[in-house]
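J.: This is what each chain is made of:
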Amino acid sequence: MTNIREVTVDELRHLVSDRAMTGETMLLNMGPQHPSTHGVLRLLLELDGEIVVNCIPDIGFLHTGVEKNMEAKTYQKAEVMTDRLDYMNSIGNNLAYCLAVEKLVDLDVPVRAQVLRVILAELQRISSHLLWLGTSCLDLAAMSVFLYAMREREMILSVMEMISGQRMMTTYIRPGGVWRDVPQEFVPAVQQIVEVMPGRIAEYESMLTKNMLFTERTQGIGVISAEDCARYGLSGPVIRGSGVAFDLRKARPYSGYEQYDFEVPTYDTGDIFGRYMVRMEEMRQSVRIVRQALSKLSNGPVRSDNRKFVPPPRSEIGVSMEALIHHFKLWTEGFNAPKESVFVTTESPRGILGVFMEGDGGPKPYRVHYVTPSFVNLQSMPLLTRQHFVADVVGIIGSIDIVLGDADR
Amino acid sequence: MSETLEQIVKDMKERFAAESTEYAGDKTLILSPEYLLAAIQTLRDEYHFNMIVDVTAVDYWPQQEPRFHVVYHIYSMLNNDILRVRVPLNGNGPHLDTIEKIYPGANWKEREVWDLFGITFDGHSDLRRVVMPYDWQGHPLRKDYPLGYEEVQFTFNAAEIDKRKPYAKD
Chain R
0 MTNIREVTVD
10 ELRHLVSDRA
20 MTGETMLLNM
30 GPQHPSTHGV
40 LRLLLELDGE
50 IVVNCIPDIG
60 FLHTGVEKNM
70 EAKTYQKAEV
80 MTDRLDYMNS
90 IGNNLAYCLA
100 VEKLVDLDVP
110 VRAQVLRVIL
120 AELQRISSHL
130 LWLGTSCLDL
140 AAMSVFLYAM
150 REREMILSVM
160 EMISGQRMMT
170 TYIRPGGVWR
180 DVPQEFVPAV
190 QQIVEVMPGR
200 IAEYESMLTK
210 NMLFTERTQG
220 IGVISAEDCA
230 RYGLSGPVIR
240 GSGVAFDLRK
250 ARPYSGYEQY
260 DFEVPTYDTG
270 DIFGRYMVRM
280 EEMRQSVRIV
290 RQALSKLSNG
300 PVRSDNRKFV
310 PPPRSEIGVS
320 MEALIHHFKL
330 WTEGFNAPKE
340 SVFVTTESPR
350 GILGVFMEGD
360 GGPKPYRVHY
370 VTPSFVNLQS
380 MPLLTRQHFV
390 ADVVGIIGSI
400 DIVLGDADR
Chain S
0 MSETLEQIVK
10 DMKERFAAES
20 TEYAGDKTLI
30 LSPEYLLAAI
40 QTLRDEYHFN
50 MIVDVTAVDY
60 WPQQEPRFHV
70 VYHIYSMLNN
80 DILRVRVPLN
90 GNGPHLDTIE
100 KIYPGANWKE
110 REVWDLFGIT
120 FDGHSDLRRV
130 VMPYDWQGHP
140 LRKDYPLGYE
150 EVQFTFNAAE
160 IDKRKPYAKD
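Protein sequences, first through last, are from chains R and S. Counted the way numbering that gives the first Met the number 0 counts, the first sequence spans residues 0 to 408. Counted the way numbering that gives the first Met the number 0 counts, the second sequence spans residues 0 to 169.
No lab work stands behind these hints, which were simulated from the structure alone. All C-beta atoms in this analysis are idealised placements derived from N, C-alpha and C, irrespective of residue type, glycine included. Careful: at least some of the hints might be erroneous.
What the hints assert, rightly or not - In silico lysine to any residue, SDA-like type, Cα no more than 25 Å apart, as pairs:
1) K164/S x V6/R
2) K338/R x M76/S
3) K338/R x K12/S
4) K72/R x E18/S
5) K76/R x E315/R
6) K338/R x I160/S
7) K164/S x H62/R
8) K26/S x E70/R
9) K295/R x S224/R
10) K102/R x M76/S
11) K338/R x S31/S
12) K142/S x Q75/R
13) K338/R x Y59/S
14) K142/S x E339/R
15) K67/R x N91/S
16) K67/R x R163/S
17) K363/R x G137/S
18) K26/S x E315/R
19) K338/R x P65/S
20) K67/R x L36/S
21) K338/R x E5/S
22) K338/R x D143/S
23) K363/R x P145/S
24) K72/R x R127/S
25) K249/R x N78/S
26) K100/S x Y365/R
27) K67/R x P65/S
28) K338/R x N78/S
Said to hold, decoys possible - Computed far set for chain S versus chain R, every beta-carbon distance over 10 Å:
29) Q6
30) D25
31) P32
32) L35
33) L36
34) P65
35) L88
36) P103
37) D143
From just these sequences and the hints, can you work out the full model?
T.: Pasting the structure below:
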């Protein structure tokens with residue numbers, strides 16, 4: 000290529016302090032291939048001895064152009080890509096996407112599907128928090144927690160496999176309901192998770208909460224105030240760890256979350272330890288929601304019977320001409336959405352997950368934009384890491400729980 | 000849809016010559032670019048919209064006036080309201096004032112909009128590409144940027160194919 004442009008020093012000069020130019024502080028490149036950056040995050044650290052003066056995150060190594068690709072696919076087909084954004088929360092991403100489509104075309108969801116959505120979203124939240132617990136404690140050299148957390152996460156992934164055939168990229172939630180009804184083994188399997196989990200969470204806490212090696216590395220490190228959280232748009236466990244009981248499941252309920260009885264845990268310290276305490280309590284609350292949802296799970300349809308948007312079941316196609324036509328139309332052409340835009344917000348395990356969607360009257364979305372919590376939370380890295388040791392940077396990255404697929408899209 | 004949001008939208012329409020639309024319970028305020036800073040400042044200070052949720056854009060190419068809409072979503076924790084603010088921009092290389100000084104969280108989001116749409120934010124402290132590589136040419140989310148099917152460039156014909164490539168010029 001003839002037109003490759005090299006970045007000059009002057010363009011990047013404003014990122015570092017004057018002391019870096021004289022060699023008084025050192026610039027250290029951390030990542031993108033670094034085991035503690037949870038993927039392909041690159042951090043440029045400006046160091047004074049062992050103290051971080053400034054931290055410049057560099058993302059985009061996992062950018063896949065999902066938003067551009069979605070513009071070329073119909074509403075049903077674009078959904079498959081949403082799993083790949085935040086691969087720790089694929090059910091949540093499907094849910095946000097489907098809520099946006101349903102809001103755009105004004106589609107109702109049957110009660111059973113709503114309850115299934117809640118059960119799966121909460122199971123996914125627990126599995127995401129378990130992975131966070133394992134990996135972030137691994138960064139702080141607590142190896143055994145990782146093994147315990149993976150053991151329980153396995154149970155949840157087996158449930159995902161049971162309902163959809165996939166352990167991670169489920170695409171189980173569809174516009175108008177869910178893909179198909181759950182198998183009979185589903186309820187006993189979820190019940191077992193619900194029974195086992197509280198004891199297991201207590202087990203993790205017994206390993207960590209009063210462990211000096213853990214508290215020394217987490218208390219008072221990476222502190223952020225509630226005001227700064229709001230100014231930077233931080234959400235999820237980060238803002239709750241700073242003492243603000245802000246949870247979109249309570250504030251702006253979706254999928255019937257208003258019918259469930261649960262609490263929004265908060266912790267006042269705003270440090271790594273605070274975020275840890277919040278996530279541990281959140282897992283307990285998720286278990287509580289799943290338990291209530293299981294008792295609400297009644298028989299009934301799992302997909303809307305609005306045939307203009309939702310394909311008919313296989314059994315109808317053989318006997319009904321109408322059903323065959325609908326099936327054909329929906330899978331070849333798709334359904335049309337009005338020339339309007341909608342915005343939905345959901346609470347992902349990491350914070351606000353929003354979808355902005357605009358239709359143009361045709362079967363393909365004109366613009367889809369994912370507002371992702373990892374992208375927003377990563378922005379606060381300079382604020383969190385300043386005046387801490389290099390060794391604490393890995394703890395701070397772990398505590399804001401980033402998923403790079405979510406940040407880069 | 001709360002009463003207060005209705006009132007806020009009504010006030011803003013009078014004060015900043017804005018228009019408003021509503022669809023499926025989402026309120027949208029359409030502002031002209033010159034009022035953006037003042038309006039956002041007012042919304043934050045007087046109407047308690049303390050959190051920036053999103054900054055993004057939509058490209059309406061080949062339509063030129065307006066070609067782009069920059070879309071802001073702001074959230075008020077006090078009233079639990081989300082308001083969408085749209086700012087229409089004309090032309091292929093538009094400029095807009097940055098709101099980074101009002102909401103520091105808009106920094107990366109504006110970088111992303113610049114990266115993917117080529118909308119310049121005047122006064123931004125660090126307007127570099129954020130998700131695309133630093134030496135990337137063009138702005139991928141523009142509608143005149145092809146999704147795929149590009150000719151493969153080899154060393155002997157790179158310059159020749161490059162001339163035909165539909166980059167967003169200027």
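J.: For each hint, tell me whether it holds in the structure or not.
T.: Cross-check of the supplied hints:
1. K164/S x V6/R: holds (23 Å)
2. K338/R x M76/S: With Cα atoms ~30 Å apart, K338/R and M76/S exceed 25 Å; violated.
3. K338/R x K12/S: With a Cα-Cα distance of about 23 Å, the restraint between K338/R and K12/S holds, given a limit of 25 Å.
4. K72/R x E18/S: violated (32 Å)
5. K76/R x E315/R: Roughly 22 Å separates the two Cα atoms, so the pair holds.
6. K338/R x I160/S: violated (36 Å)
7. K164/S x H62/R: holds (22 Å)
8. K26/S x E70/R: Given that 25 Å is the threshold and the Cα spacing comes to 24 Å, the pair holds.
9. K295/R x S224/R: violated (39 Å)
10. K102/R x M76/S: At roughly 23 Å apart (the allowed maximum being 25 Å), M76/S and K102/R satisfy the hint.
11. K338/R x S31/S: Roughly 21 Å separates the two Cα atoms, so the pair holds.
12. K142/S x Q75/R: Satisfied, since the Cα-Cα distance of roughly 21 Å is no more than 25 Å.
13. K338/R x Y59/S: OK: K338/R and Y59/S at ~12 Å, within 25 Å.
14. K142/S x E339/R: Status holds; Cα separation ~18 Å.
15. K67/R x N91/S: Holds, at about 19 Å.
16. K67/R x R163/S: holds (21 Å)
17. K363/R x G137/S: With Cα atoms ~24 Å apart, K363/R and G137/S stay inside 25 Å; holds.
18. K26/S x E315/R: Not OK: K26/S and E315/R at ~40 Å, beyond 25 Å, violated.
19. K338/R x P65/S: Holds, at roughly 16 Å.
20. K67/R x L36/S: violated (29 Å)
21. K338/R x E5/S: Between K338/R and E5/S the Cα gap is close to 23 Å, so the pair holds against 25 Å.
22. K338/R x D143/S: Since the Cα atoms of K338/R and D143/S sit roughly 20 Å apart, the hinted pair holds (cutoff 25 Å).
23. K363/R x P145/S: holds (16 Å)
24. K72/R x R127/S: The hint is violated at about 30 Å.
25. K249/R x N78/S: holds (13 Å)
26. K100/S x Y365/R: violated (31 Å)
27. K67/R x P65/S: holds (21 Å)
28. K338/R x N78/S: Violated, at roughly 29 Å.
29. Q6: Label holds. Min Cβ-Cβ 20 Å, cutoff 10 Å.
30. D25: violated (6 Å)
31. P32: Its Cβ never comes within 10 Å of chain R, the nearest being 19 Å, so this holds.
32. L35: Non-interface label stands for L35/S: nearest chain R Cβ at 18 Å, farther than 10 Å.
33. L36: holds (17 Å)
34. P65: holds (14 Å)
35. L88: The claim holds: L88/S sits with its nearest Cβ about 15 Å from chain R, beyond 10 Å.
36. P103: Contrary to the label, P103/S does not stay out of reach of chain R, its closest Cβ about 5 Å off (not over 10 Å).
37. D143: holds (12 Å)
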